[in-house]
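Undergrad: Could you build the full structure based on these sequences and the hints that come with them?
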Amino acid sequence: MAEQRKGGASRNGLSGRDAIARVRRDLPQLLGRPIEAVLGVQRADDNGWMVTVQVVELSRIPSTTDVLASYEVTLDEQGELVGYRRDRRYYRNQTDQD
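Take any residue in the sequence shown, count from 1 to its spot, add 862: that is its number in the working numbering.
Don't take every hint at face value.
Label pairs and their in silico Cβ distance ranges [unchecked claim]: (1) Ala883 / Arg954: 19 to 29 Å; (2) Ala883 / Ile923: 29 to 39 Å; (3) Gln904 / Pro924: 30 to 40 Å; (4) Asp880 / Pro924: 35 to 45 Å.
Note that these hints are calculated values from the structure, not bench results.
If you're wondering where the values come from, they're calculated on a predicted model, not measured in any experiment.
Yeah, the Cβ is synthetic: ideal placement off N, Cα and C, and Gly gets one too.
TA: Quick look at the structure:
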């Protein structure tokens, strides 16, 4: 088992903070849209990372009617983006329904 360091990084891996930085750098280039917010980050089963981000897909006036999307982005243990998918799409003024 890899030795863990502060921030969740293994000796040869990257931390959660580094994973977020990589997603913020790489995903906007693929989508052609900036990331508005990071919604979550968690360690993946393969020692990589799963980062969930929010993106404005369509800006409208008023901004409460903007169309947002959440994306789940998967990174390997070296920080390379290995996949992403849109999880859901919603209006900014739409609340989560349980």
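Undergrad: Are the hints correct? Go through all of them and say.
TA: Each hint, compared with the structure:
A hinted range of 19 to 29 Å for the beta carbons of Ala883 and Arg954 is consistent with their spacing of about 25 Å. As the Cβ distance of Ala883 to Ile923 is approximately 32 Å, the hint placing it in 29 to 39 Å holds. Range check, Gln904 to Pro924: about 34 Å between beta-carbon atoms, so the 30 to 40 Å window is met. Range check, Asp880 to Pro924: Cβ separation about 37 Å, and the 35 to 45 Å hint holds.
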